[in-house]
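Working from the sequences, and respecting the hints, build out all of it.
Residue numbers (the numbering used here), protein chains in the order written: chain F, 1 to 194; chain G, 1001 to 1417.
Check before you lean on any hint, since a few could be wrong.
Derived DSBU-like pairs (lysine-lysine); straight-line CA-CA distance at most 30 Å [to be verified]:
| hint | chain 1 | residue 1 | chain 2 | residue 2 |
| --- | --- | --- | --- | --- |
| 1 | G | K1215 | F | K56 |
| 2 | F | K56 | G | K1273 |
| 3 | F | K106 | G | K1273 |
To be clear about the criterion: a stretch of chain G counts as covered by chain F if any three or more of its residues have a C-beta under 8 Å from a C-beta of chain F, and this derived list gives those stretches [stated by the list, open to error]:
| hint | segment |
| --- | --- |
| 4 | 1112-1123 |
| 5 | 1262-1272 |
It should be emphasised that the hints constitute simulated quantities derived from the structure, not laboratory data. C-beta: ideal position from N, C-alpha, C; glycine also.
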Amino acid sequence: MRRRREGGPGVLAAVLVVAACTGSGREGETPRFGFGREPSPELLAAMDIDVRPDGKGLPEGSGTVARGREVFALHCVACHGPTGTEGPFDRLVGRDPREGFPFGEKAEYLGTRTVGNYWPYATTLFDYIRRAMPQTAPGSLGADDTYAVIAYILHLNEIVPEDAVLDARSLPDIEMPARDRFVPDDRAGGQDVR
Amino acid sequence: MIPPESDSISRRAWIGTTAGLAAGILVHHQVDAQVSDGSSSPGGPEPTSLGRLPSELGSRAPREQPRRRVYRNAHSGGSGTPLQDLHGIITPADLHFERHHGGVPDIDPDTYSLTIHGLVRRPTTFSLADLKRFPARSRICFLECSGNGNGTYRTEGVRRETTVQSADGLFSTSEWTGVPLSTLFREVGVDSGATWFLAEGADAAHLARSIPVEKAWDDAMIVYAQNGEAIRPEQGYPARLLLPGWEGNANVKWIRRIELSDAPFMTREETSKYTDPLQDGTARQFSFVMDAKSVITFPSYPYVLPEPGWWEVSGLAWSGRGRITGVEVSSDGGASWHDAELEEPVLPKCATRFRALWNWTGEPAVLMSRARDETGYVQPTLARLVEARGAGSSYHANQIRAWSVEPDGRVFFGDGK
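Now the structure itself:
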C-alpha cells in the first residue's frame, strides 16, 4: 500500500488552503488537489442510467401494451404474479381505494400499496426497471421492452388505454393518481412530535 | 447509603461513594444473568500446557458467540445487531447490521471508481487510491435503518418474546474514516444551481437515492474504513456514502456514481418505499433524519434476573439531530422518571450509553427509557406518535420501548403506551 503521508508538508499546506476557503463561499475558484481523471463519454453514457420526472435520461425507443404483456409473462410473473397482484413479492396492480389515500390510517394497508395507488411518477418505473429489474438479470430488458412492460403495468392499473404506446415523450406526461399526495418532511426536532 | 424508596432508579452519581461496590456486585450479577449455554464447568479445565500461540488473525473467546439475526426474504436481505450482547457504544464491524436490496457485490478495489458528474465544472472519476489520498476524517456515528423497530409500531400483537435485537437491531455505531464529500465537491466544482445529487450503488440493484446538496456541505462523507479496518463487503466495500444522522437507506453502499442535479430524481426508494403515509391523506417524503430514540439493552428478553437487589439498567440513546442531552428511566411503566447517567463520550449523531442503578424489590416492574436531544425533542410514547401520524405509518418508529419484569425475574418485551 502506498504511503499516504508522503510529501506531508505539501498535503498539509493544501489542507490549510481548503480549510481557509470553507467560509469564503463555494463559487470561488478554490485550489484543487488535482486527483482523479476525466471520465470518458463512453463511461458516462454507460453509467448514467437515471431518469427524472421531467423525462431527462429517457432513451429512444417505444413499447406497446401488447408487447408488454409478453415481457411481463416472461420476466415478471414469477415474483409479481400473473396479474401483478398475487406476489410473492411487491404487489404492482390495484387502484383501490379509488377515493382518498388512506395508507396512513391502518397498518393493514401497508401491503396494498401499488403502482396505481401509491407511485407518484411514471418515470420512476423506467428508472427502477432499468436499474434493478428483472431481479435475476437487472438492466437486461432494453429500452423498447422496458417501455412496453411499463405500458402493460400502467394498463393493468387502468392508467393508460389498451392501445397506448409509451416513449420518451409520452411517459413523463402520464399523470399518476398519487401524484399530489407527497409532501416534504416537516419534522424539525424541538417540542413538536410529528 | 440506603435509597429512600425500595423500588427506585437513581442516577449513578446519586449513589456516590458506593458506586464502586455496587458496580462490583453488578458485574457479578450480570454474568449470572447471561443465558447459559448449558456447559457445566465454570472455570474450564486448568491449563496443563502452553496456551495458544500468536496467530495472524484474532478470534472471539469460544464461549462468547454474539450473532447477527439474519432476515432472509430471498429478493433482499438483512441482519440485525445483537445489541443485548454488546457493551459501550461501538458495534464490532462483523456484527454491524446490514440491509440490502440486491445482495452484496464483490468489488475489486483496484478497478473500483467513483464518478461525480452532472452540474459540475469538472466531471471526475476517482479511484480508491485517489479517495484515500485526500485529507481524511474519522468520526463516530450511528447508522439506523428507517424501518428499525417498525414491528413495534402497533398497539397490540407484538410478541412478548422479542429481543432488543429483533425489535431494534437495525442500529449500529462505528468509527468511520474517509473523505468529506464537501472536499470532493470543491474538487469537481459544483455549480451554484445544483440543489440535489443522486447517489448510486454498484450493487446488482444500483440502489439510488436523491440527497440535498446541503448535506454534502454539512457533514456527508465518502468512507472507506470502519472501526480501523477496510469497510466490510456488506457495509459497502470498498466505499460508501455516510450521511450522519440520516436513515440508513440513503447511506448508499458500494457507491459508484454521484450526479449533481437541480431537482430530485424520484427514485423508487424515495417514492414507493421510504415514504411515510400519514392519516391526513398525504405521504411524508425525504424524511431523512432519525429522531431521538433510546432502547434499554439490559435487562431485556431473554435475560432472567436471578434475584432482587441492585441492578444496573443500561441502554443506548441517539438522535440524528445532534447530541443526546438526557435519558430518563422509569421502573413503574412511566409513572415516575429518573435521570440516567450519560457515559462519555456524548457525541452528536452517535449512540450514547446510559446507565441507571435500580434496586429491584422482586415486585412486577415495567422498565422504560426516554431520550431527549439538544433540540429539546423528547422521545414520544407510541400513543403520541400514532396520534401525530396514524397507525399506518411505520418507518421512523422511535417511540418509547418497555420491558416487563416478572416476579420470577423473567423479562419480556412490553409496549410503551
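Does the structure break any of the earlier hints, and which numbers would those be? none
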